Amino acid sequence: MTLCLFAVCIVSSALLAAVYAVTKEPIEAAEHAKTISAISQVVPEFEGDPVSDTIEVAGKKYPYYQVSKDGKPVGYAITSSASGYSGRVTLMVGITADRVIYNTTVLSQAETPGLGAKCTEPEFADQFKKWNPAEKVLKVKKDGGDVDAITASTITSRAYSLAVETAVAVFDSIMSGNAPDIEAASGATPECSGEEAENQETK
Amino acid sequence: MGKFQLITKGLIKENPTFVLLLGMCPTLATTTSAINGMSMGLATLFVLVLSNMAISATAPYIPDKVRIPAYIVIIAAFVTILQFIMQAFTPDIYKTLGLFIPLIVVNCIVLGRAEAFANKNSVVDSACDGIGIGIGFTFALTLLGLVREILGAGSAFGFKFISGDGILVFVLAPGAFMALAYLIVLFKKVTAKKGE
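So the sequence lines, in the order shown, correspond to chains B and Y. Each residue of the first sequence is one higher than the last, beginning at 1 in this note's numbering. Each residue of the second sequence is one higher than the last, beginning at 1 in this note's numbering.
Think of the hints as simulated: they come from the structure by calculation, not from any bench. Predicted model only: the values in this text are computed from it and were never measured. Where a beta carbon is used, it is the ideal one built from N, C-alpha and C, also for glycine. It cannot be assumed that every hint is accurate.
[What the hints assert, rightly or not] Just some of the chain Y residues that point at chain B, by a computed CB distance under 10 Å:
1) Ser33
2) Asn36
3) Pro63
4) Val66
5) Ala70
6) Phe78
7) Gly158
8) Met178
[Unchecked claim] A few chain B positions that, by computed beta-carbon distances, are all more than 12 Å from chain Y:
9) Glu28
10) Val51
11) Thr54
12) Asp70
13) Asp148
If we strip away everything but chain Y, and leave its shape as in the complex, we get:
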């Protein structure tokens, strides 16, 4: 598989949100607006690429029995680094996402890619895989956030285009499930046509 395919497969064929259905906690919780969803996606992308590379590089030296704890330590280290950096340089985004940043550690996408891909592929391939899956996740979260924001608040990326409120339920938790379900249906329909 070429490097380019490694990146694109994360976007469509193995999209972590719409196809693999991984990392549902941050997906549902942070996508109250397009900006929030996108920030969460980019934060995960950052951790995913670095942890994939680190795990791919160290995998041959880590005995099988302790690999999961070792991966978790590596992922947690990168997440904490990200947290410090966000706190220092983007305090506003940190304020809205602060609670969910530490949860990237237990995001199954990150550990899933480490276990399924990074520990048996080269550093460069793992980086590409991380970028692909990360972009796919960012794309999915931004889309979901955008849909919820348009329906729920009548705005897109913070720009309001209707006066007053939207359909409030879409900003709340139940709306997250509904919007996600319909987006998955739509995604399946579009990709199924392409496959034939």
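With the rest of the complex left out, here is chain B:
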């Protein structure tokens, strides 16, 4: 009886090991392709491979990629995240060397389909293109900033803005080479107790 169960387990794990060995490379290739495509979406044209690195800001590690053209760094693709309505919203934020956001893209999110999930659509995400954090405030309009929130999804919009703000803070640390004390970099969760629906009239 035990022997039988043992045999079933052995055969199953052998099968799994075989499939794992076969699919390992395609999985890695798919992951890599995903990263590269995300990077090239958020930074200007570059040459060669992006240089990956990590920086610690306020006790948290942020992976980022530096891209160069003609030997000069032209942009940084920074991964940052913030708590949304349902799990974390993780973004790749591209910032050019002159501290202007080039573009943003969502790496992963589990927001409500039809509401918060709209943060992946250009209608919302495109407002961050060419965004200069020195001129415009990265907060939703309801909180006194300049970000147009998604209707009925203020929490997601806040998370998105916060993640972008965090990326700007990370960018500043990369530039100065040290970690200044920036509130946004602590990855603080926007304080919201209500439901998304309560913000129906927000616009």
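Assemble the complex: chain B is given as a structure, and chain Y must be docked to it using the hints.
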């Protein structure tokens, strides 16, 4: 029962979603759009056919006392294989369904078919049963996903036909229950007429 009947009974007479009411967790959770529902259905179909065949082939050698753990190990192995394959070759679908793929292991349809059919029938019959039930499940999930997508987002299979939003509640959890309930009523009505 012929092979063809084995396949068709899963579609209507023993439809896992509308008649047997099995596997409600993935049914309600993944059907936010027609594509998602269909992918989940096909993933379950894949696991169901393979696990039915494997269990039917090994059933005579597995003592009764340890059959459930043995089935779970076999099903889990196939689910993990499916997960690797999806991760490697269909990363986009994996991204949306990723969370629910491991849950196929505890989908009662898969274990239910193993226990009710595969362990006392031949490998070929079990495969047919798996295909039938799998297609029935895929059909049900696609239909439910389509209804929810049309009402909730105003699109079908990703093609939008109205501007703006639909009735958002249908994309959310309560809408899943409502849409499913009405589809079951409709299904019962249609099949009852046929039976008489």
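Tested hints:
Among the interface hints, the one on Y:Ser33 holds; its C-beta lies about 7 Å from the nearest C-beta in chain B, closer than the 10 Å criterion. Annotation: interface hint on Y:Asn36 holds; nearest CB of chain B at approximately 9 Å, less than 10 Å. The interface hint given for Y:Pro63 is met, as the beta carbon of that residue sits about 5 Å from the closest beta carbon of chain B, less than 10 Å. Given hint, Y:Val66 at the interface with chain B, holds; its Cβ is 5 Å from that chain's nearest Cβ, closer than 10 Å.
Given hint, Y:Ala70 at the interface with chain B, holds; its Cβ is 5 Å from that chain's nearest Cβ, closer than 10 Å. Below 10 Å, beta-carbon pairs count as interface contacts, and Y:Phe78 has one with chain B at about 9 Å; its hint therefore holds. The interface hint given for Y:Gly158 is violated, since its Cβ lies 12 Å from the closest Cβ of chain B, which is over the 10 Å cut-off. Interface hint status for Y:Met178: violated, as the beta-carbon distance to the closest one in chain B is roughly 15 Å, over 10 Å.
A Cβ of chain Y approaches the Cβ of B:Glu28 within 12 Å, the least distance being about 9 Å, so the stated non-interface status is violated. The Cβ of B:Val51 lies farther than 12 Å from every Cβ of chain Y, with a closest approach of about 24 Å, so its non-interface assignment holds. Distance to chain Y confirms B:Thr54 as a non-interface residue, since its nearest Cβ pair spans about 24 Å, more than 12 Å. With a least beta-carbon separation of about 33 Å from chain Y, B:Asp70 lies farther than 12 Å from that chain, consistent with its non-interface assignment.
Every Cβ of chain Y is farther than 12 Å from the Cβ of B:Asp148; the closest lies at roughly 16 Å, confirming the non-interface assignment.
Of the hints listed earlier, those the structure fails to meet are numbers 7, 8 and 9, in rising order.
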